[in-house]
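Model the full assembly from the supplied sequences, consistent with the hints where possible.
In order, the protein sequences belong to chains A and B.
For what it's worth, this note's numbering labels the leading residue of the first sequence as 1, then goes sequentially.
For what it's worth, this note's numbering labels the leading residue of the second sequence as 1, then goes sequentially.
These are calculated hints, taken from the structure and not from any lab test.
The beta-carbon is built from N, C-alpha and C at its ideal position, and this holds for glycine as well.
Incorrect hints may have been included.
Said to hold, decoys possible - Example chain A residues on the side facing chain B (calculated, C-beta under 7 Å, incomplete):
id, residue
1, I84
2, R111
3, P125
4, G135
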Amino acid sequence: MNATLAIPFRTVAASSLPGEARNHSAHDDSIVQTRELCLFYGSKQALFNISMDFPRHQVTALIGPSGCGKSTLLRCLNRMNDLIDDVSITGSILLDGEEVNDPTLDVIELRRQVGMVFQKAVPFPKSIYENVAYGLRIAGIRDRRVLDEAVERSLRRSALWDEVKDRLHDSALGFSGGQHQRLCIARAIAVSPEIILMDEPCSALDPRSTTRIEDLMGELRGEYTIITVTHNMQQAARVSDFTAFLYEGSLVEFGPTKQLFTKPEKKETEDYITGRFG
Amino acid sequence: MLSLVCALLAVVTVNGLGVYWPSQVAEVTLADGTKFLGRMIRSEVNPDTDKMSVQFKVGNREQDPQRQDFRWIRYDAILAITYPAEVYVLERVENGDFYGYLKDTAGPDLARLSGIPVAEAFPKALGSVRSKSSEEIAPISKKLLSLGNELQKTQDKILRLTYRRDRLLADSRSGNQSRASDVDRQIAELQASSQKIKEQSDRLVGQQQLRLADLRRDAVVMTNPAGKETSIALVDIVRFHDPNAMGFWAKSRYYLSRIGELLWENPRESNTEGGLFPAIFGTVMLIFLMAIACFPLGVLAGIYLGEYAKEGFLIRLVRIAVNNLAGIPSIVYGIFGLGFFVYGVGGLLDQWFFPERVASGTPTFGTGGILWASLTLGLLTVPVVIVSTEEALQAIPRAAREGSFALGATKFQTLVRVLLPTASPGMMTGFILAMARAAGEVAPLMITGVVKLAPQMPVDGDFPFFHLDRKFMHLGFHIYDVGFQSPNVEASKPMVFVTTLLLLIIVLAMTSVAIYLRNRMRRRYQVRTI
Numbered sequence: 001m002n003a004t005l006a007i008p009f010r011t012v013a014a015s016s017l018p019g020e021a022r023n024h025s026a027h028d029d030s031i032v033q034t035r036e037l038c039l040f041y042g043s044k045q046a047l048f049n050i051s052m053d054f055p056r057h058q059v060t061a062l063i064g065p066s067g068c069g070k071s072t073l074l075r076c077l078n079r080m081n082d083l084i085d086d087v088s089i090t091g092s093i094l095l096d097g098e099e100v101n102d103p104t105l106d107v108i109e110l111r112r113q114v115g116m117v118f119q120k121a122v123p124f125p126k127s128i129y130e131n132v133a134y135g136l137r138i139a140g141i142r143d144r145r146v147l148d149e150a151v152e153r154s155l156r157r158s159a160l161w162d163e164v165k166d167r168l169h170d171s172a173l174g175f176s177g178g179q180h181q182r183l184c185i186a187r188a189i190a191v192s193p194e195i196i197l198m199d200e201p202c203s204a205l206d207p208r209s210t211t212r213i214e215d216l217m218g219e220l221r222g223e224y225t226i227i228t229v230t231h232n233m234q235q236a237a238r239v240s241d242f243t244a245f246l247y248e249g250s251l252v253e254f255g256p257t258k259q260l261f262t263k264p265e266k267k268e269t270e271d272y273i274t275g276r277f278g
Numbered sequence: 001m002l003s004l005v006c007a008l009l010a011v012v013t014v015n016g017l018g019v020y021w022p023s024q025v026a027e028v029t030l031a032d033g034t035k036f037l038g039r040m041i042r043s044e045v046n047p048d049t050d051k052m053s054v055q056f057k058v059g060n061r062e063q064d065p066q067r068q069d070f071r072w073i074r075y076d077a078i079l080a081i082t083y084p085a086e087v088y089v090l091e092r093v094e095n096g097d098f099y100g101y102l103k104d105t106a107g108p109d110l111a112r113l114s115g116i117p118v119a120e121a122f123p124k125a126l127g128s129v130r131s132k133s134s135e136e137i138a139p140i141s142k143k144l145l146s147l148g149n150e151l152q153k154t155q156d157k158i159l160r161l162t163y164r165r166d167r168l169l170a171d172s173r174s175g176n177q178s179r180a181s182d183v184d185r186q187i188a189e190l191q192a193s194s195q196k197i198k199e200q201s202d203r204l205v206g207q208q209q210l211r212l213a214d215l216r217r218d219a220v221v222m223t224n225p226a227g228k229e230t231s232i233a234l235v236d237i238v239r240f241h242d243p244n245a246m247g248f249w250a251k252s253r254y255y256l257s258r259i260g261e262l263l264w265e266n267p268r269e270s271n272t273e274g275g276l277f278p279a280i281f282g283t284v285m286l287i288f289l290m291a292i293a294c295f296p297l298g299v300l301a302g303i304y305l306g307e308y309a310k311e312g313f314l315i316r317l318v319r320i321a322v323n324n325l326a327g328i329p330s331i332v333y334g335i336f337g338l339g340f341f342v343y344g345v346g347g348l349l350d351q352w353f354f355p356e357r358v359a360s361g362t363p364t365f366g367t368g369g370i371l372w373a374s375l376t377l378g379l380l381t382v383p384v385v386i387v388s389t390e391e392a393l394q395a396i397p398r399a400a401r402e403g404s405f406a407l408g409a410t411k412f413q414t415l416v417r418v419l420l421p422t423a424s425p426g427m428m429t430g431f432i433l434a435m436a437r438a439a440g441e442v443a444p445l446m447i448t449g450v451v452k453l454a455p456q457m458p459v460d461g462d463f464p465f466f467h468l469d470r471k472f473m474h475l476g477f478h479i480y481d482v483g484f485q486s487p488n489v490e491a492s493k494p495m496v497f498v499t500t501l502l503l504l505i506i507v508l509a510m511t512s513v514a515i516y517l518r519n520r521m522r523r524r525y526q527v528r529t530i
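As C-alpha cells, then:
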C-alpha cells in the first residue's frame with residue numbers, strides 16, 4: 001500500500017514535501033496547518049502532536065470515539081478554548097500562514113474569519129433578522145442596506161429564506177430545531193468567514209433536518225472551508241471530502257474520505273469504521 | 001398553609017370591605033324605658049354572667065361622660081329594637097358620628113328654608129353653607145398656607161445669615177467686622193419683612209375666625225329618641241346619610257363616596273377617620289425609590305459576581321456575606337440605616353450644606369426621611385436581586401455565550417446583547433421578591449423616617465417638587481399606629497382592617513404588574529434548546 005497516499009499530512013516531514021502532497025490530492029491548497037499541536041487541560045493532555053493540513057474549500061470531517069479530542073481540536077482553530085480556564089497549548093496552528101496562537105493576534109478578527117456552529121443551536125433572544133445581523137452589528141456595521149443585503153444572502157445561502165422571509169422580525173425562538181441550526185449557520189455565514197467549524201451540528205436533529213443540513217454543507221463547500229466533527233460515520237462518508245480519524249488525542253489517519261472508508265491504512269481505523277469499537 | 005393564608009385574606013377582605021357599608025341604625029328601647037340609637041355590631045356571651053350581650057356602636061361621643069363609642073347591652077335588658085326610617089347619621093369633623101332625628105334648620109342665612117320640610121331643607125342648607133365656606137374661607141386658608149411657606153423661607157434665610165454673622169464675628173480678621181454689620185442689616189430687613197408677614201397672617205386668621213363664627217351660626221337641630229335637642233353647626237358636618245331609608249343603590253353610592261374619600265383625602269381625628277392618601281402615596285413612593293436604589297446596584301453586583309469576578313477567597317467571602325445578608329432581621333437594617341444614612345451621610349450633608357440648621361438643632365438630612373428609609377430598604381432587598389441575577393446568568397446555556405463569542409463578540413457585547421436579555425426574566429423574579437419584601441417592612445422604617453401624621457407630602461408644588469428629606473406616612477406603620485397606639489382601640493378597628501386590605505391590594509397590584517412584565521419578557525427572551 002502506498003503510504004504517502006494513505007496518510008498524506010501525517011507528519012511535518014510529510015507535508016513539508018509539497019511534491020508528494022500534490023501527488024495524492026487535487027487539493028494541495030491548504031488553508032490551516034497544525035504542527036505538533038498539543039493541548040492540556042490543566043495537567044491532563046488532551047491532544048498529542050496533531051499535525052494536519054485542512055484543504056481549502058473542502059469539507060473535512062473529524063471522526064472518532066467520544067473523548068478522543070475532535071471537538072477540542074476544532075475549538076483550537078478559532079481559539080474557543082480561551083474561554084476555558086487552565087488550558088495550555090503548544091505547537092502551532094497556521095491560518096493562511098498566520099499563527100493563530102500568537103497572543104498578540106486579534107481573537108475577534110480570527111473568529112470573524114473562522115465561524116462556528118455548535119451542537120446545541122441556541123439563537124439569540126432577538127428577531128430572525130437581528131440574529132443573522134448580529135455578527136455584523138457587533139462589528140460596527142449600521143448601514144441598513146448592507147445589513148439587509150447580508151441577511152438576505154445568508155438566509156438564502158442557508159436555505160432558510162423562503163421559510164422566514166415574511167417574518168424576519170419575529171422572534172427567532174419560536175423555531176424548530178432544524179431551523180435553529182440553519183439559522184445558526186446563516187448567522188455564521190453573515191460575517192463572510194473563510195472557514196466554518198461545525199461541532200456535531202446534526203446530533204440533536206431529526207433525520208429530515210439532518211438531511212437538510214447535510215445538503216447545505218455540500219452546497220456551501222465551494223465557497224467556504226468546512227470542518228465538521230461528527231459521531232456519525234455515515235454522515236462523514238456522505239458529506240465530507242476528507243476525513244480524519246482521531247483516537248485518544250492522537251491523529252491516527254487522515255485522507256480522502258473515500259479512501260479512508262474503503263481502504264483504511266491503520267488497523268484502529270478499520271476497527272472503528274467497521275464498528276468493532278467506539 | 002395555603003388555607004391559613006386564604007383564611008387570613010378572607011377575614012381581612014370581608015372586614016375591610018364591610019367597613020364603609022352603611023348598615024341599619026336601630027332605636028333600642030331598654031327595659032328601664034330609656035332609648036338610644038346605635039348600630040348593632042355583634043353579640044357575645046358574657047363569660048361572667050353567662051348572659052348574651054349585644055354590642056352597639058353609638059354616636060354622639062361628646063354627650064357621653066366617658067366619651068364611649070360602644071355600649072354592651074345585656075340581651076334581657078332590651079325591650080324592643082326598631083329601625084325608624086327618619087334616623088340620620090351625621091359624620092362630623094370632630095367627635096365622630098352623630099345619630100339622631102332631624103328637627104329643624106336654624107340660622108340667620110337659612111330663613112328662606114323655613115317653609116320647606118326639614119328633610120329637604122337640611123341638604124340645601126348644608127350645600128349653601130359649603131359653597132359659602134369654599135367662597136369665603138378656602139381662599140383665606142390658601143393665602144395663609146402660602147404666607148406660612150413664605151414665613152418659613154424668610155426664617156430659614158435669617159437662620160442662615162445669623163449663622164454667617166456669628167462665624168464672621170468669631171473670626172477676628174480685619175474687614176469681618178464691617179461684613180458682619182452688613183449681614184446684620186440684612187437680617188434686620190428680613191426680620192422686618194417676617195414681622196410683616198406675621199402681622200398679615202394674624203390679620204387673616206382673625207378674618208377667618210370671624211367668618212367661621214359667622215358660618216357656625218347656621219346649624220341643624222337634631223333630637224335624640226328621648227326628645228333632647230342638640231344643635232350642630234353645618235360647617236362641622238362632613239357627610240350625612242339616612243341608612244334606614246336608603247335603597248341598595250343609594251347605599252352603593254354612599255359606599256363609593258367613602259372609598260373615594262379613603263383613597264384621596266387626608267386623615268382626620270388622629271387617623272381613625274378620613275382618608276389614607278398620604279399613607280398610600282408614601283408607601284408607593286417608598287417602594288419606587290427603593291427599586292431605583294436597589295435594582296441597579298443588585299444587578300451590577302450580580303453581573304460582577306457571575307461574569308467578571310475571579311473565583312477566590314475574597315469572592316467566596318462576598319458571596320457568603322450576600323447570602324447571609326438576606327437573613328438579617330430587618331430592625332438591624334433599620335439601626336444600620338439610622339447610624340449610617342441618617343447620622344452618617346445625612347449628618348455630613350447637613351454639615352456641608354446646612355450648617356446653620358445643625359447649629360439651631362433642626363437638621364434637614366440628618367434626621368429620618370423618605371430617602372434614608374428607601375435606601376435602608378434597598379440595602380435590605382439588594383441581596384435577593386444579586387442572587388437572582390447571578391443565578392439567571394448562570395442558567396444561560398453555554399451555547400448562547402459561545403455562539404456570540406464565535407461571531408467575534410467581546411465579553412461586554414455578549415453580556416449586553418445576549419446574556420442580559422436572556423437573564424432578564426430571572427432578574428425580574430428577584431426584583432419581584434425584593435419588592436414584596438420591601439412593601440411589608442415596617443420595623444426599619446420606624447427609625448428612619450416614618451411618622452404617624454406627616455404635615456407635608458414628599459412631593460408637592462413647592463420648588464424643587466421632590467422633598468426626599470421629608471418624613472412620610474406608610475400604610476404598614478399606619479396599621480401599627482392606629483391599631484395599637486390609639487387611645488380608642490375599639491373605634492379604630494375598622495380603620496385597621498381597611499388599611500390592611502389596602503396595603504395588601506397595593507402590594508398585590510405592584511407585584512402583579514411586575515409578574516406580568518416578567519412573563520412578557522419570558523415569552524420574548526426565553527431560550528428553548530432543542
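Hint check results:
Residue-level restraint check for I84 (chain A) is violated (minimum Cβ-Cβ distance to chain B is 10 Å; threshold 7 Å). Because the beta carbon of R111 (chain A) sits about 4 Å from the nearest beta carbon in chain B, less than 7 Å, this interface hint is met. For P125 (chain A), the suggested interface contact is upheld, since its CB lies about 4 Å from the closest CB of chain B, less than 7 Å. Taking 7 Å as the C-beta cut-off, the interface hint given for G135 (chain A) holds, the closest approach to chain B being about 4 Å.
Checked against the numbered hints given earlier, this structure breaks only hint 1.
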